[in-house]
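Colleague: Residues per chain, in single letters:
There are 2 protein chains.
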Amino acid sequence: MAIFSLLTPLFIAILCVFIVVILRSRGNSSNKLQETKKKRKESKPWVDEDLQDGTEILLEDGEDKDDWQDPEEDILHIPFSSARYSVEEMVKRSRDFYELLNQRRSVRFLSNEPVPREVIDNIIRAAGTSPSGAHTEPWTFVVVQDPEVKHKIREIIEEEEEINYYKRMGDKWVSDLKKLRTNWVKEYLDTAPFLILIFKQVYGQLPNSKKRTHYYNEISVSIACGLLLAAIQNVGLVTVTTTPLNCGPRLRVLLERPVNEKLLMLLPVGYPSKHATVPDLKRKPLEDIMVIT
Amino acid sequence: MAIFSLLTPLFIAILCVFIVVILRSRGNSSNKLQETKKKRKESKPWVDEDLQDGTEILLEDGEDKDDWQDPEEDILHIPFSSARYSVEEMVKRSRDFYELLNQRRSVRFLSNEPVPREVIDNIIRAAGTSPSGAHTEPWTFVVVQDPEVKHKIREIIEEEEEINYYKRMGDKWVSDLKKLRTNWVKEYLDTAPFLILIFKQVYGQLPNSKKRTHYYNEISVSIACGLLLAAIQNVGLVTVTTTPLNCGPRLRVLLERPVNEKLLMLLPVGYPSKHATVPDLKRKPLEDIMVIT
Chain A
1 MAIFSLLTPL FIAILCVFIV VILRSRGNSS NKLQETKKKR KESKPWVDED
51 LQDGTEILLE DGEDKDDWQD PEEDILHIPF SSARYSVEEM VKRSRDFYEL
101 LNQRRSVRFL SNEPVPREVI DNIIRAAGTS PSGAHTEPWT FVVVQDPEVK
151 HKIREIIEEE EEINYYKRMG DKWVSDLKKL RTNWVKEYLD TAPFLILIFK
201 QVYGQLPNSK KRTHYYNEIS VSIACGLLLA AIQNVGLVTV TTTPLNCGPR
251 LRVLLERPVN EKLLMLLPVG YPSKHATVPD LKRKPLEDIM VIT
Chain B
1001 MAIFSLLTPL FIAILCVFIV VILRSRGNSS NKLQETKKKR KESKPWVDED
1051 LQDGTEILLE DGEDKDDWQD PEEDILHIPF SSARYSVEEM VKRSRDFYEL
1101 LNQRRSVRFL SNEPVPREVI DNIIRAAGTS PSGAHTEPWT FVVVQDPEVK
1151 HKIREIIEEE EEINYYKRMG DKWVSDLKKL RTNWVKEYLD TAPFLILIFK
1201 QVYGQLPNSK KRTHYYNEIS VSIACGLLLA AIQNVGLVTV TTTPLNCGPR
1251 LRVLLERPVN EKLLMLLPVG YPSKHATVPD LKRKPLEDIM VIT
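So the sequence lines, in the order shown, correspond to chains A and B.
At position 14 of the first sequence the residue is numbered 14 (the numbering used here), and the sequence of numbers has no breaks.
Whatever position you read off the second sequence (first residue = 1), add 1000 for the numbering used here.
Only chain A is shown next, with the shape it has when bound in the complex (with noise of 0.2 Å):
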């Protein structure tokens, strides 16, 4: 009995030790995803909260590490020729693509002029020339070309980039961007005559239902978006380079893309309205973008 009455504080010690112990690792582990959601949300508040989360968390908890691939698949190497030129055409060639290039601007005024859709397919053909990690062409461009259609992605995109301006992104953002006067009323996406929306695919579906991984996808379609923006500048058509913070998902639902398609990039496409203008910014020198060793 005097045994008994001494271990009963050391048994209850020991219990209340293990309850704690036992609540709070539960607690951690269902506050842990959350966390780290909020903490990356701070970190980077101008990064869409859904190419954010997307990516990683699918790595985290989806991800198979027992990809189906074609087992000791050795594809047949073939020789390779290239064009080519003497040194003075290279020359001119290459002063002649900066010169295209360097006409370029992201135009914020559209017409409701009609473009030959031949055309976009060619300049989404060349956009699916880039390179991709491992070769895995993880890009789908997305062509709206019905007014319904165009007008309801307006509507998705005003209503969130509204919030955006006045929550989401800051007094500095705001401010940065109010030199290149954006804000959040976007015409363009009704009258131009196509937009054309980027999805970049955070992992593949094998016909067995398994993923199969996309290095680098998102690097890998921004090389892509690069190509099309010369494929566009090239036929004398316009752009602008958005990228709708935070409505990805609504209009990965309007579009009916799969879940494994995150909106990266949307560009209108089409003629420049009559009175287009655009700010009179200028690119850095030569000599402030290159560095020789």
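Among the clues, some could well be false.
From chain B, some residues computed to sit far from chain A (all C-beta separations above 10 Å) [claimed, not checked]: (1) 1112; (2) 1151; (3) 1184; (4) 1187; (5) 1190; (6) 1205; (7) 1209; (8) 1216; (9) 1218; (10) 1259.
Taking lysine to aspartate or glutamate and the EDC-like style, the derived pairs with C-alpha atoms no more than 20 Å apart in a straight line are [claimed, not checked]: (11) B/1284 <-> A/155; (12) B/1274 <-> B/1190; (13) A/284 <-> A/99; (14) B/1152 <-> B/1190; (15) A/172 <-> A/160; (16) A/152 <-> A/162; (17) A/167 <-> A/155; (18) B/1282 <-> A/121; (19) B/1211 <-> A/121; (20) B/1092 <-> A/121; (21) A/274 <-> A/155; (22) A/284 <-> B/1118; (23) A/284 <-> B/1162; (24) B/1274 <-> B/1113; (25) B/1167 <-> B/1155; (26) B/1284 <-> A/160; (27) A/211 <-> B/1171; (28) B/1284 <-> A/218; (29) B/1092 <-> A/160; (30) B/1210 <-> A/171; (31) B/1172 <-> B/1162; (32) B/1211 <-> A/171; (33) A/92 <-> B/1096; (34) A/284 <-> A/96; (35) A/92 <-> B/1118; (36) A/210 <-> B/1155; (37) B/1152 <-> B/1162; (38) A/282 <-> B/1121; (39) A/284 <-> B/1218; (40) B/1092 <-> A/96.
Because the hints were derived from the structure by calculation, they are not lab data.
C-beta atoms are modelled at their ideal positions from N, C-alpha and C, and glycine is treated no differently.
Put chain B on the given structure of chain A with help from the hints.
Modeller: Okay, now just chain B, sitting in the frame of chain A:
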């Protein structure tokens, strides 16, 4: 005395709970950053450790919300006009540009034949016309022609890549790349007349030593790389898009770039070698990458 002996177990229990809570919460806060880092590395093994950590940590710890900027700077807006082609011309230009880009292949066998410096200048000028978040132009193109520097770059990359192949990448990734006959021996780093290392500036440095936010810097610099690839193809030169995994910090130090710059890509540029081969890969047809609505 009866009350005292009744309270003893209760007192000890409370004390124990208190100690456990204190200990666990300390442990948590000190481990949190490491855990986050660790998780990020595990979840995205193919993203350069330097690229993964850098931006976010900088913004978590060092972001100055009080950036300098021109107060109320309202840039003049000017009329915009652009080249205008007939429908036939547009269609032809779009097709020709697609065909030009579709000849592009990632070539790993480069000759040491010299390339005119003027061409390199012009292709980098072309890349510098890329759009960027809030017109921050967050790129630095380091052009290496010195054979000794090229060789040092090769040594760093081959050292790290061998570790990548054996330790960091995992069997699946190595196997995904096997069919492309990619490995850690990079002869082109010595033979190519020029190496272009593309750095993204994760923030800007203002004259008053404060930091300027570079919105969407990775996407912006990747788009610029897309323009660069198009410019290289346009002059009949070849390259291969490489993202040397975990070499960023050592290459940054070697090339004496500031801490706000992170290596995004490395492109060897030159003529293909006589016996260059490429894997016989096909690109997805238009209907697999484009959706019309």
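Colleague: Between residue 1092 of chain B and residue 160 of chain A, does the CA-CA distance stay at or below 20 Å?
Modeller: 39 Å, violated
Colleague: Would the pair residue 1152 of chain B and residue 1190 of chain B pass a check requiring their Cα atoms to be no farther apart than 20 Å?
Modeller: 9 Å, holds
Colleague: Run the distance test for residue 211 of chain A versus residue 1171 of chain B: straight-line Cα separation, threshold 20 Å.
Modeller: 16 Å, holds
Colleague: Regarding the assertion that residue 1112 of chain B does not contact chain A, is the least Cβ-Cβ distance greater than 10 Å?
Modeller: Check passes; 16 Å lies beyond 10 Å.
Colleague: Over 10 Å to the closest beta carbon of chain A is the bar; see if residue 1184 of chain B clears it.
Modeller: Given a closest Cβ separation of 16 Å, the condition holds.
Colleague: Would you mind confirming whether the straight-line C-alpha gap from residue 210 of chain A to residue 1155 of chain B stays at or under 20 Å?
Modeller: 38 Å, violated
Colleague: Does residue 1152 of chain B pair with residue 1162 of chain B here, judged by a C-alpha cut-off of 20 Å?
Modeller: It holds: about 16 Å lies between the C-alpha atoms, which stays within 20 Å.
Colleague: Assess, step by step, whether the Cα of residue 282 of chain A is no farther than 20 Å from the Cα of residue 1121 of chain B, and give holds or violated.
Modeller: 18 Å, holds
Colleague: Are residue 1092 of chain B and residue 96 of chain A close enough, with their CA atoms no more than 20 Å apart?
Modeller: 18 Å, holds
Colleague: Take the C-alpha atoms of residue 92 of chain A and residue 1118 of chain B, compute the straight-line distance between them, and say whether it is at most 20 Å.
Modeller: Status holds; Cα separation ~10 Å.
Colleague: With a cut-off of 20 Å on the C-alpha distance, tell me whether residue 92 of chain A and residue 1096 of chain B pass.
Modeller: Cα-Cα ~18 Å, so holds.
Colleague: Checking one constraint from the list: CA of residue 1284 of chain B to CA of residue 155 of chain A, max 20 Å. Satisfied?
Modeller: Measuring from Cα to Cα gives roughly 33 Å; hence the hint is violated.
Going through the hint list in order, the structure does not satisfy hints 8, 9, 11, 19, 21, 23, 26, 29, 36.
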